[in-house]
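Fit the two chains together into the complex; they arrive one by one in their own frames, and the hints show the way.
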Amino acid sequence: MTKLRTGKIDISPYLFILPSLLIMVAFLIFPIARALQLSLTDTRLLEISKAKFNGFDNYRAFFSDSSFGRVVLATLSYVVAGVSLTYILGLFTASIVNKPFWGKGFVRTILILPWVVPSVVLVIIWKWMLSSRYGVINFFLHEIGLIPIDFSWLSNPRFAMCAIILATIWKQYPLGLLILLAGMQSIPKELYEAASVDGATAFQKFFLITIPGLRYVTTVLILLLTIWHFGNFVIIWLMTRGGPSDITATFTIFTYLTTFKFHKLGMGASIGTVIFIISLLFTVIYYILFVRKLVRV
Amino acid sequence: MEWRKENEQTASHGTREVGIKHFFTVEEYEMKRQFTCILCIALMVFTVNLFAAGTTEKSTEKVTIRYPHWFFGHGGNFEQWINGAVDGFEKKYPNVHVEREQVPYDTYWDKLDTGLASGNPPDVAAFWFNLRKYIEAGALMPLNDLIDMNDVNKNFSPFQTKSIPEAAPDGKTYGLAFDTGFYLPMYRPSVFRSAGIAKYATNLDEFFTQSQKLMTKDRYGYAFVTQAGNWGEQIINLSTWTIALGGHWGDTKGRPTLDSKEVIQAVTYLKKLFDMGAVPKDVAHGDFRKMFATGHVGTLIDGVWVYGLANGWDPETKTDFATAPLPFPTQRVAGFYECNSIFKACKHPKEAAALIQFISNDEQQQKIAEMPHFPARTSIFTPALKKALIERWPWYAEYINHAGNGVPMSPLSMGGEQMVETQKIWGKYFDKVLFENMDPKEAMTVAQKEAMALVK
Numbered sequence: 001m002t003k004l005r006t007g008k009i010d011i012s013p014y015l016f017i018l019p020s021l022l023i024m025v026a027f028l029i030f031p032i033a034r035a036l037q038l039s040l041t042d043t044r045l046l047e048i049s050k051a052k053f054n055g056f057d058n059y060r061a062f063f064s065d066s067s068f069g070r071v072v073l074a075t076l077s078y079v080v081a082g083v084s085l086t087y088i089l090g091l092f093t094a095s096i097v098n099k100p101f102w103g104k105g106f107v108r109t110i111l112i113l114p115w116v117v118p119s120v121v122l123v124i125i126w127k128w129m130l131s132s133r134y135g136v137i138n139f140f141l142h143e144i145g146l147i148p149i150d151f152s153w154l155s156n157p158r159f160a161m162c163a164i165i166l167a168t169i170w171k172q173y174p175l176g177l178l179i180l181l182a183g184m185q186s187i188p189k190e191l192y193e194a195a196s197v198d199g200a201t202a203f204q205k206f207f208l209i210t211i212p213g214l215r216y217v218t219t220v221l222i223l224l225l226t227i228w229h230f231g232n233f234v235i236i237w238l239m240t241r242g243g244p245s246d247i248t249a250t251f252t253i254f255t256y257l258t259t260f261k262f263h264k265l266g267m268g269a270s271i272g273t274v275i276f277i278i279s280l281l282f283t284v285i286y287y288i289l290f291v292r293k294l295v296r297v
Numbered sequence: 001m002e003w004r005k006e007n008e009q010t011a012s013h014g015t016r017e018v019g020i021k022h023f024f025t026v027e028e029y030e031m032k033r034q035f036t037c038i039l040c041i042a043l044m045v046f047t048v049n050l051f052a053a054g055t056t057e058k059s060t061e062k063v064t065i066r067y068p069h070w071f072f073g074h075g076g077n078f079e080q081w082i083n084g085a086v087d088g089f090e091k092k093y094p095n096v097h098v099e100r101e102q103v104p105y106d107t108y109w110d111k112l113d114t115g116l117a118s119g120n121p122p123d124v125a126a127f128w129f130n131l132r133k134y135i136e137a138g139a140l141m142p143l144n145d146l147i148d149m150n151d152v153n154k155n156f157s158p159f160q161t162k163s164i165p166e167a168a169p170d171g172k173t174y175g176l177a178f179d180t181g182f183y184l185p186m187y188r189p190s191v192f193r194s195a196g197i198a199k200y201a202t203n204l205d206e207f208f209t210q211s212q213k214l215m216t217k218d219r220y221g222y223a224f225v226t227q228a229g230n231w232g233e234q235i236i237n238l239s240t241w242t243i244a245l246g247g248h249w250g251d252t253k254g255r256p257t258l259d260s261k262e263v264i265q266a267v268t269y270l271k272k273l274f275d276m277g278a279v280p281k282d283v284a285h286g287d288f289r290k291m292f293a294t295g296h297v298g299t300l301i302d303g304v305w306v307y308g309l310a311n312g313w314d315p316e317t318k319t320d321f322a323t324a325p326l327p328f329p330t331q332r333v334a335g336f337y338e339c340n341s342i343f344k345a346c347k348h349p350k351e352a353a354a355l356i357q358f359i360s361n362d363e364q365q366q367k368i369a370e371m372p373h374f375p376a377r378t379s380i381f382t383p384a385l386k387k388a389l390i391e392r393w394p395w396y397a398e399y400i401n402h403a404g405n406g407v408p409m410s411p412l413s414m415g416g417e418q419m420v421e422t423q424k425i426w427g428k429y430f431d432k433v434l435f436e437n438m439d440p441k442e443a444m445t446v447a448q449k450e451a452m453a454l455v456k
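As they're listed, the protein sequences go chains A and B.
Throughout the first sequence, residue numbering follows the working numbering, covering 1 to 297 in sequence.
Throughout the second sequence, residue numbering follows the working numbering, covering 1 to 456 in sequence.
Just chain B, same shape as in the assembly (with noise of 0.2 angstroms):
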């Protein structure tokens, strides 16, 4: 009560202490406030660190560049190949870290894109035909003044040289290929023995013809992107089919196309076969890859990529692989690229350079091309290499025919945001042709109407 009565008589000075003490003896408010006064000094100590931690490389400490790519944690050839051209990288430049971020294809644009807004993009990234919408946001630096654009013009592929300067409305090349691809027809040969079929098909009817004797019970004709929804892989067939007909979805001005004679037809040529029961449904590359690799599936049009992906499914087919020209009234091999580039925010661009080139160099694109996969740099393909590779994959050879004139699957002057717009209408609407008989001209002048209304 003394104790009570003394506070009370100091209450009228109002401090915030005499309040407190109305609660605790001196001794355990004097405690108190010892204990808390160590526990903030304490967590501002820890708060500094934290923020302080990792704000600035010393001097003597490694230059780390980021580099995610899906490669990594692929598995099989291509994560071998990445790893061994990073580590020997990196063996060359002891100074230089390259931080590996492991991201599957399916998420890597979301990750980059949204890393990109955040402020937190990587320092070197791999893109394909999306390398425009980069370019355009100005998120990425022209490599004009940091690679040896004599290399480059000497002796990489027109998808270098006239794709990717074509991707920059500056006209600077962006982007440095590691690998190209092309969509070629493939086929087991003793699935066509087992059906009868002598030779591939040499035009469109024979292609029908093959597909409906290839199918059984187990087995499917063809294959193309059935999925619903999925038209980001749908583009690939319908690009295939498109250009192998003489066409393209998109004009020299960026316009798209999609009413064209070659959309129409390559449309209603996918249809028929859906129609016909000769191409399994509900399937995206990945299930028919492994079907035809399994002998579920007797022909695709695809990448060389393919033949790795299915010795892993069925070895026999390291011996039991075959390629043949396009069954169509033109040669026009659809093909891409993909390539490194590195973004303005990069605080290291010299080094981010020497990696890009050092992937795309003599040896490593040699180590690609012995996976087997498609290199950039086609001055590689000596009569001696081109004779080993043959020698050694036969069906190779019609690979290496196109590594000059493949045409890009998608529009190059189209806009980056407007093209991946116009994919998803083209999608919608082949969705409509398969899944609910839309006519196919009906369905393409109804989405070419809808993509013009992107065209700015």
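Bound-form chain A, shown alone (with noise of 0.2 angstroms):
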């Protein structure tokens, strides 16, 4: 009989352990299994009990849907642009806040305030501001000449992405404030000093010493930024519901209509699967161009 302590084994971390194991199993390992399961099946929602095997049928189907091209080049638009502006954004707004001056604390809670506000109210919030009728960013657009006064951005193929952009920003650049911002108070203040000693410019300040100096929290950034943009739904949805003509349909609105809208839960779960490799890769292969690199560092 096996033993606590005494003995070979040792089983007592196991059981600690397994409370946390048990809940991973339930709500991660077993959905993703199930999920796999369904995209190789002819599954519709509301006809579970009559799935039958149909192989990679769901697959094929996915990448030769004439939505296709336009869903990998929404995505890859949507999660390119977001994450890199997002970055810039919150990079800008940490320099300014890690800087000592009068009501810097107001200051800090007033630029972290979007991240609060939630998705659904964030939507209203530049539906309002965006609308061709009565939007202020139309308004003041068109008095410096730049667009007609009924511009509709998010009826536009060209903008409507932009539009859905400009509210992503809004929301998450505090996350890159806070976290960019905590990244700066941890580069010593010698290596300014000493550079200023040297005639160090503010320009190569920032890029020699800041920039460097928040590498580590840069890539853990960036693989945040990344996957939350790749999983986003709520805001696109809400924006333009895929729209004009599937121009903003990224995978995720794409999952959505195919299993909520059409119920082929089966394909669904197949682009589901597409979604779920796609991030697993871009983790893998970010981990071993940028962070093993810095670890081994």
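The set of hints was computed from the structure by calculation and includes no laboratory data.
You may find that some hints are simply not true.
[Stated by the list, open to error] Per the computed footprint, the stretches of chain B lying under chain A, defined by three or more beta-carbons under 8 angstroms from a beta-carbon of chain A, are:
| # | stretch |
| --- | --- |
| 1 | 260–267 |
| 2 | 279–289 |
| 3 | 394–405 |
| 4 | 433–445 |
[Unchecked claim] Derived pair list, reagent style SDA-like, types lysine to any residue, alpha-carbon separation capped at 20 angstroms:
| # | chain 1 | residue 1 | chain 2 | residue 2 |
| --- | --- | --- | --- | --- |
| 5 | A | Lys261 | B | Gly115 |
| 6 | B | Lys111 | A | Glu47 |
| 7 | A | Lys50 | B | Ala284 |
| 8 | A | Lys99 | A | Ala200 |
| 9 | B | Lys449 | A | Asn156 |
| 10 | A | Lys261 | B | Gly138 |
| 11 | B | Lys456 | A | Ala51 |
| 12 | B | Lys449 | A | Arg70 |
| 13 | A | Lys127 | B | Lys456 |
| 14 | B | Lys456 | A | Lys99 |
| 15 | A | Lys261 | B | Lys272 |
| 16 | A | Lys261 | B | Gly415 |
| 17 | A | Lys50 | B | Lys344 |
| 18 | B | Lys272 | A | Asn156 |
| 19 | B | Lys456 | A | Arg60 |
| 20 | A | Lys261 | B | Ser118 |
| 21 | A | Lys50 | B | Lys449 |
| 22 | B | Lys111 | A | Arg44 |
| 23 | A | Lys50 | B | Gly138 |
| 24 | A | Lys127 | B | Ala345 |
[Claimed, not checked] To give a feel for the contact side, a few chain A residues facing chain B, derived at Cβ under 10 angstroms:
| # | residue |
| --- | --- |
| 25 | Ala160 |
| 26 | Gly243 |
| 27 | Thr248 |
We put the CB at the ideal spot given by N, CA and C, even for glycine.
Here it is, written out as structure tokens:
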């Protein structure tokens, strides 16, 4: 009989982590496995019991769908533009707030506020601001002669994604601000003092001290932002529902439409699996290219 | 040390208690063991009670019917009517309790679908042209043996007597309609007077001229859904125009006809209105109905419920509201039904059938007409009631005229899931016409090809 303390096998550590393992299996491993299983069947949402195995037919149907190209382009443009602009704005605001000035605490609080606004409220605010009939953004841009007064952002094929990215950046940049600010505050002040003594300009200090000093937090932040952008559904759905004509339909929008509007649960699961594999591949490649180097250093 | 030595000697027996005794004194160990036992017993009792709660209905308790509807929580006349109807039903059948589930319209179908998929559907639910999808999924029970079909066939709208059986592959009746709707032109006479328009347009050329005359800095001539990606609502406007032009977007064999002359004409005319600037951009039904009520849209082609909504936004619409015949080559009016159906999983079908019949009885249907809305039981339109309604609301006459000849706005023979995907395809290519200036004929030809790929 196995002994707890004496003997060769000590099972007490496993008993302690068993509850967490059970939760992970129930809420992570099992759903992923079930989704993989569903993706290989012709399951319909309202007739789950009548599902039949159909191999990779769902994947073939997804890759040959007429909207596939638009979905990939929409996802890539949303993720790349969203992540990079969110990072840049987060870096800019963190640089401002990192300096001492009167009212810094108040300014920091105001800058973080967008993050606490629920996504639904955020979309309502941005739709009001971008409205072609009474939007304040249209009013100002029209006053400076850039756009016609009734310019419609959300139905314009070239600007619909821009509008979504704007709203997303506004929501997410505080995350960048907080993480980068914490990173900046961990950079030793002596480095800046030494640089000043050597006659470095502010520009040089920023690019030669601040940016390299932020590399650890940058790798984490980029990874988090990418995963978040990849999986974002609420903002895109509420702003454009993937329109006009699927131009803003990212993978998540396509998954939702396929599963809950067209009831093709099997095909929806296959799209979800593709998203999962892409996210996993990205994380692994990112780790190999960026994180592992930093850990070794 | 003595205690430890004693325990080491007994360690060779290999019992678990010996291992634990290395950390605690015997008294502490006994106390902890007793506490653990009591805790486990308490947890077990709690868990058993938790799972046992509500598993069976006692014979002395009421029967409960779960009934989600978007009217609950809708506000205004709709909520008042449905709550009154359910109150009346519970008073008549005191052994039946109706669990009213308030679900907004936008999320109604998602909630229904996920409930059904998870094996937890309600007992009764409302449907419209998506009825076929649920019949094909085997989720609903036929009502032919549960409701009074003689009453239904004699007293209800053709939407009930023809459209609902046509939605079922076996021709049975899977829903009992509680209201119907028709899309007709409506306008505010004061707005027309201010634009110098004496009479509503009688053909399409006049309609375009009228729309232009109505346009001012603060007002649009007409409105339809121009919100990108909102194909679920766009289908209503597209169907209304296609049907009025004499066609349909699906044939009697369930195949799409997106490249038909009438569909292409409908898309072309709507694009013309859009390019003229006669319609507001980025609007859905909720937006332009309010704009109409407040005088910012000159005319709509919409349903009778707009009157009640408009009153809430501008009380002057109570007397400043009119309807007109369609300014199209035909007077084919697009229409729909909303019906209550019973899920197969319902444990009390007789009580559920009593509920849906009560909601569609003479008294409740007359209350619907007096909302004003449009009932499914057309036999209530006695000459006296017609006279009373038209005296109160002269515009209502146009709706009564079409009570018996509305055209279902969705092709009834089209498979339930195929219908939704076809609507999405139509909406996608309509967006391309509106926002990317794709040629309407080319767009609808490509849309038809994509939609035909769905036909089995």
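Do the hints match the structure? See the list:
Taking a C-beta to C-beta cut-off of 8 angstroms, the stretch 260–267 of chain B contributes 0 residues in contact with chain A, too few for the three needed, and the coverage statement is violated. For the stretch 279–289 of chain B, the stated coverage by chain A holds: 3 residues have a C-beta nearer than 8 angstroms to a C-beta of that chain, and at least 3 were required. Counting residues of the stretch 394–405 of chain B whose beta carbon lies closer than 8 angstroms to any beta carbon of chain A gives 0, which falls short of the minimum of three for the stated coverage. Figure legend: the stretch 433–445 of chain B, annotated as covered by chain A; annotation consistent (3 residues with Cβ-Cβ distances under 8 angstroms, at least 3 required).
Taking the CA atoms of Lys261/A and Gly115/B, the gap is near 15 angstroms; set against the 20 angstroms cutoff, the hint holds. A C-alpha spacing of about 16 angstroms is found between Lys111/B and Glu47/A, which places the hinted pair at or below 20 angstroms, so the restraint holds. Between Lys50/A and Ala284/B the CA atoms are separated by roughly 37 angstroms; this puts the pair beyond 20 angstroms, and the hint is violated. Straight-line distance between C-alpha atoms of Lys99/A and Ala200/A comes to about 18 angstroms, which keeps the hinted pair within the 20 angstroms bound.
A C-alpha spacing of about 25 angstroms is found between Lys449/B and Asn156/A, which places the hinted pair above 20 angstroms, so the restraint is violated. Note on Lys261/A and Gly138/B: the hinted pairing holds, with a Cα-Cα distance of about 18 angstroms set against a maximum of 20 angstroms. Restraint check for Lys456/B and Ala51/A: satisfied, since their Cα atoms lie roughly 18 angstroms apart, inside the 20 angstroms limit. Distance restraint check for Lys449/B and Arg70/A: the Cα-Cα separation of roughly 19 angstroms lies within the 20 angstroms cut-off, and the hinted pair is therefore satisfied.
For the given pair, Lys127/A sits about 40 angstroms from Lys456/B by alpha-carbon distance, which is inconsistent with the 20 angstroms threshold. Using a Cα cut-off of 20 angstroms, the hinted pair Lys456/B and Lys99/A is violated, with the two alpha carbons roughly 67 angstroms apart. Between the alpha carbons of Lys261/A and Lys272/B the distance comes to roughly 30 angstroms, so the proposed pair goes past 20 angstroms and is violated. A C-alpha spacing of about 14 angstroms is found between Lys261/A and Gly415/B, which places the hinted pair at or below 20 angstroms, so the restraint holds.
Between Lys50/A and Lys344/B, the direct Cα distance comes to roughly 16 angstroms. Compliance with the 20 angstroms bound is thereby established for this hinted pair. Of the supplied pair hints, the one linking Lys272/B and Asn156/A holds, its CA atoms being roughly 17 angstroms apart against a limit of 20 angstroms. For the hint linking Lys456/B to Arg60/A, the alpha-carbon distance of about 18 angstroms falls within 20 angstroms, and the restraint holds. For the hint pairing Lys261/A with Ser118/B, the CA-to-CA distance comes to about 16 angstroms; that is within 20 angstroms, so the pair holds.
This hinted pair does not check out: Lys50/A and Lys449/B have alpha carbons roughly 29 angstroms apart, beyond 20 angstroms. For the given pair, Lys111/B sits about 16 angstroms from Arg44/A by alpha-carbon distance, which is consistent with the 20 angstroms threshold. For the suggested pair Lys50/A and Gly138/B, the alpha carbons sit about 11 angstroms apart, so the restraint of at most 20 angstroms is met. Simply put, Lys127/A and Ala345/B have alpha-carbon atoms about 42 angstroms apart, too far for the 20 angstroms limit, and the pair is violated.
Hint on Ala160/A holds. Least Cβ distance to chain B is approximately 7 angstroms, under the 10 angstroms limit. Interface hint at Gly243/A: satisfied, since its Cβ lies 2 angstroms from the closest Cβ of chain B, which is below the 10 angstroms cut-off. A distance limit of 10 angstroms between C-beta atoms decides the matter here; for Thr248/A the minimum to chain B is near 8 angstroms, and the interface restraint holds.
Of the hints listed earlier, those the structure fails to meet are numbers 1, 3, 7, 9, 13, 14, 15, 21, 24, in rising order.
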